[in-house]
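Undergrad: Okay, here's what each chain looks like letter by letter:
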Amino acid sequence: MSAVTRGWQRFFPGARWGLISVPYLWLLFFFAMPFLIALKISFAKAAIAMPPYSDILYWVDGFPVLKLRGENYLYLLGDSLYISAYLSSLKIAVISTLCCLLVGYPMAYSIARMEPAARNIALLLVILPSWTSFLIRIYAWVGILKPNGLINNFLMNIGLIDAPIKMLHTPIAVYIGIVYAYLPFMVLPLYTNLVKHDHRLLEAASDLGAKPWQAFLKVTLPLSKAGIIAGCMLVAIPVVGEFVIPEMLGGPETLMIGRVLWQEFFNNRDWPVASAVAMVMLVLLIVPIIIFHRAQSKELEGRLS
Amino acid sequence: MNNTRGFRWGWLFLGGGFLFLYAPMLSLIIYSFNENRLVTVWSGFSTKWYTALFQDEQMLSAAWVSLRIAFYTACTSVVLGTMAAMVTTRLRVFRGKALFGAMITAPLVMPEVITGLSLLLLFVSLSTWTGLDFARGMMTIWIAHVTLCMAFVTVVISSRLAELDRSLEEAAMDLGANRIKVFFVITLPIIAPALISGWLLAFTLSLDDLVLASFVSGPSSTTLPMQVFSSARMGVSPKINALATILIVGVSTLGVIGWYFMARAERNRQREIQLAATQD
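From first to last, the protein sequence lines are chains A and B. Each residue of the first sequence is one higher than the one before, counting from 37 in my numbering. Each residue of the second sequence is one higher than the one before, counting from -7 in my numbering.
The shape of chain A in the complex, shown without the other chains (with noise of 0.2 Å):
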């Protein structure tokens, strides 16, 4: 420990709470309490009212009941709509990811292999698109994609094609916008690792007799693994829940998790039943978090010391 992380604890404790206090209860108050009551309202029961559920806790006679329902889960297992919308999301959200690699990866490499001025340039044009807009990105594809659109106007132009082929609303146009939207995602992580490879060892690898390619799966990709699951997890995990990217270019037989529960929320007005959906869907990406968290504060830990 270093003198100046002792000096903190010296300086009187009043300081060190409140600095830890601040930050700490809005998380608690409004990150980590509001799952909770997600959860409590998941065991409740649509009714029309506002707020338009059920009280899971009232009163018989001075004695307080407590009434769990789990029919909303019940139903979510009934429905193959749902079933089929968690399946569909993950595939989505797997394809997707291992597309966002095989285009991220070579990206990321050649960025690290630059001569430093190059390389921030680079980095930069990499991380400026997140920056503007993610509706407004994935609304250009709409241009681009639909029946009368510049990819149609130009392959018809050029005599390649008589009628427009349908592009928009369909699954194809979905995977097209998850990986140009998350892109930057998976590039920066990447990056982050590589650029910290010793040359050295691709130099000794050769020098032993290794092909290019051989020294790439031999040294550098293994290397790499932690900026591969950082970038993986990044892309993702929030994928699982997208709901801009599926409205706007896909169709109605896009299924996609994150739809329905917008669906249940705003259109059937369902609180409850979109509460049980975002739980399960909490429940299957708990992992995944937890794997992305410990990829993180390794990353940090590993500055620190």
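You may find that some hints are simply not true.
[To be verified] Straight-line alpha carbon distances no greater than 30 Å define the calculated DSS-like cross-link-like pairs of lysine-lysine that follow:
1. K334(A) / K261(A)
2. K334(A) / K127(A)
3. K334(A) / K232(A)
4. K232(A) / K89(B)
5. K261(A) / K89(B)
6. K76(A) / K89(B)
7. K127(A) / K202(A)
8. K334(A) / K40(B)
9. K103(A) / K76(A)
10. K232(A) / K261(A)
11. K103(A) / K81(A)
12. K247(A) / K261(A)
[Unchecked claim] Calculated from the model, a selection of chain B residues having no Cβ within reach of chain A, i.e. all distances over 10 Å:
13. G36
14. F37
15. T39
16. T43
17. W56
18. F63
19. P185
20. I188
21. D200
22. F221
No wet-lab data here; the hints were simulated from the structure. The beta carbon of each residue, even a glycine, is placed where N, CA and C say it ideally should be.
Add chain B to chain A, keeping to what the hints say.
TA: Quick look at chain B alone, frame taken from chain A:
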């Protein structure tokens, strides 16, 4: 770098990747100057969609709401994020530190539909429990955005704090400065570039958010993304192209300025370190 030969396809991948990232945005910008109502059929140069955009009262008031929320969010997130970053990098383990770390990283990846729904349920429950009216509006959107953005700001600032040379802080303490003075006189100026980029990041994240805002907003507080989303659902409109161009150009300019200051500060710091090293 003498091993670049090993990866001669690098430029191809990089070029392809950048084309993929930038061509769609470029198409939005070009077609925002299209005179034709059908966005993708070019019929001549015109700026009439910009005029139409600036006469759209709904769009303008939504933009004003969004900009104000983004400003308040960015300022709050930087303060809370700096405190959280000091806690994670400078404090010895305390009871509940693991939970704290988890609550900092989870918002980075948590699907927004889950966070948004849960926060709304919190606000509604608070209203019924306390009898107070937690009116859904700018205030609730601000709370939701700060919760999301402070996680990103904390990551940016912690990584800066983690690579900071502690000997500067230690020297100041040896000379008798107390912790609070050391923080404001030594630490804060050094991490200032990270604070600026954290502020910009929080501002753009807040300006961009559709899902959280849709859940926790009330009838009187429509944000810009909500307005854009409802008109984009009706189909492609040249007015949105005009708005997109303004946003892309505005945010890129801010981003490049922020990046320039970061890079300059970094260069100066490196130079000072070298200077200090040669004087030893």
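Undergrad: Determine for every hint whether it applies to the structure shown.
TA: These are the hints, each one checked on the structure:
no.: 1; hint: K334(A) / K261(A); in the structure: holds, 13 Å
no.: 2; hint: K334(A) / K127(A); in the structure: holds, 28 Å
no.: 3; hint: K334(A) / K232(A); in the structure: holds, 15 Å
no.: 4; hint: K232(A) / K89(B); in the structure: holds, 29 Å
no.: 5; hint: K261(A) / K89(B); in the structure: holds, 27 Å
no.: 6; hint: K76(A) / K89(B); in the structure: holds, 26 Å
no.: 7; hint: K127(A) / K202(A); in the structure: holds, 22 Å
no.: 8; hint: K334(A) / K40(B); in the structure: violated, 53 Å
no.: 9; hint: K103(A) / K76(A); in the structure: holds, 10 Å
no.: 10; hint: K232(A) / K261(A); in the structure: holds, 13 Å
no.: 11; hint: K103(A) / K81(A); in the structure: holds, 10 Å
no.: 12; hint: K247(A) / K261(A); in the structure: holds, 21 Å
no.: 13; hint: G36; in the structure: holds, 17 Å
no.: 14; hint: F37; in the structure: holds, 18 Å
no.: 15; hint: T39; in the structure: holds, 19 Å
no.: 16; hint: T43; in the structure: holds, 20 Å
no.: 17; hint: W56; in the structure: holds, 16 Å
no.: 18; hint: F63; in the structure: holds, 16 Å
no.: 19; hint: P185; in the structure: holds, 14 Å
no.: 20; hint: I188; in the structure: holds, 14 Å
no.: 21; hint: D200; in the structure: violated, 5 Å
no.: 22; hint: F221; in the structure: violated, 6 Å
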